[in-house]
Amino acid sequence: MSVVAITSRPHPPGRSDRPGPSRPRPAPTLTITLDLAAAPLTPRLARLVDLLGELAEAGEGVVRLAEPVPVRAVTAVPAPAPADEHPDTLRILAGSRVVRQGDREIPLTRIEFDLLLFLAEHPHRVFSRLQLLGSVWGYEHAVARTVDVHVRRLRAKLGADTPLVTTVYGVGYRLADEARVRVDRFR
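Residue numbers for the sequence shown follow the numbering used here, so the first one is 1 and each next one is one higher.
Derived by calculation from the structure, the hints in this document are not laboratory data. Where hints are given, some of them may not hold.
What follows is a list of derived Cβ distance ranges for each label pair [said to hold, decoys possible]:
no.	residue 1	residue 2	range
1	His141	Arg97	34 to 42 Å
2	Ala144	Arg97	19 to 27 Å
3	Tyr139	Gly95	20 to 28 Å
4	Arg180	Glu60	16 to 24 Å
For each residue, glycine too, the CB sits at the ideal point set by N, CA and C.
Generate the whole structure from the sequences, applying the supplied hints.
Take a look at the structure:
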């Protein structure tokens, strides 16, 4: 069992142009209790534990263990690929926001993941930069070349030998016809 307490960052001191003393406010705290010894962690719970550890390392929170936790309990076991699946198939685990190619996990930023998932959910369809900005980013008020930068970074992370995103010159982008992509919604 572990308890994680995340406190907000300290508030800046009161403005000097205000009359009277300022009262210190208590810092809000979020406490999360996890039973890590019950069973192996699911990928989503393992990601939560990783994120909480990152917050603690960054000094934005405190992790307190109520009792020693065996290392095996904090290790997530990746789901095996189906036997009939090609080894180069890119698996998008939408529930846990993880992308795997074989045994390799590919670290993606939030936008890279959302862009890849969006294109994989709409195969054979071409999207303009403005359509992608609206559907993936949620707004169309950015420079359209922002999409180009994210596509380039996504291609670099996936490797040159993985044809995934095709450029349709003068129009935009689409998922490549030869792309081996599988979206798992519930993992």
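(Q) For a quick check of understanding: which of the numbered hints are violated here, in increasing order? (A) Violated hints (numbers, rising): 1 and 4; every other hint is consistent with the structure.
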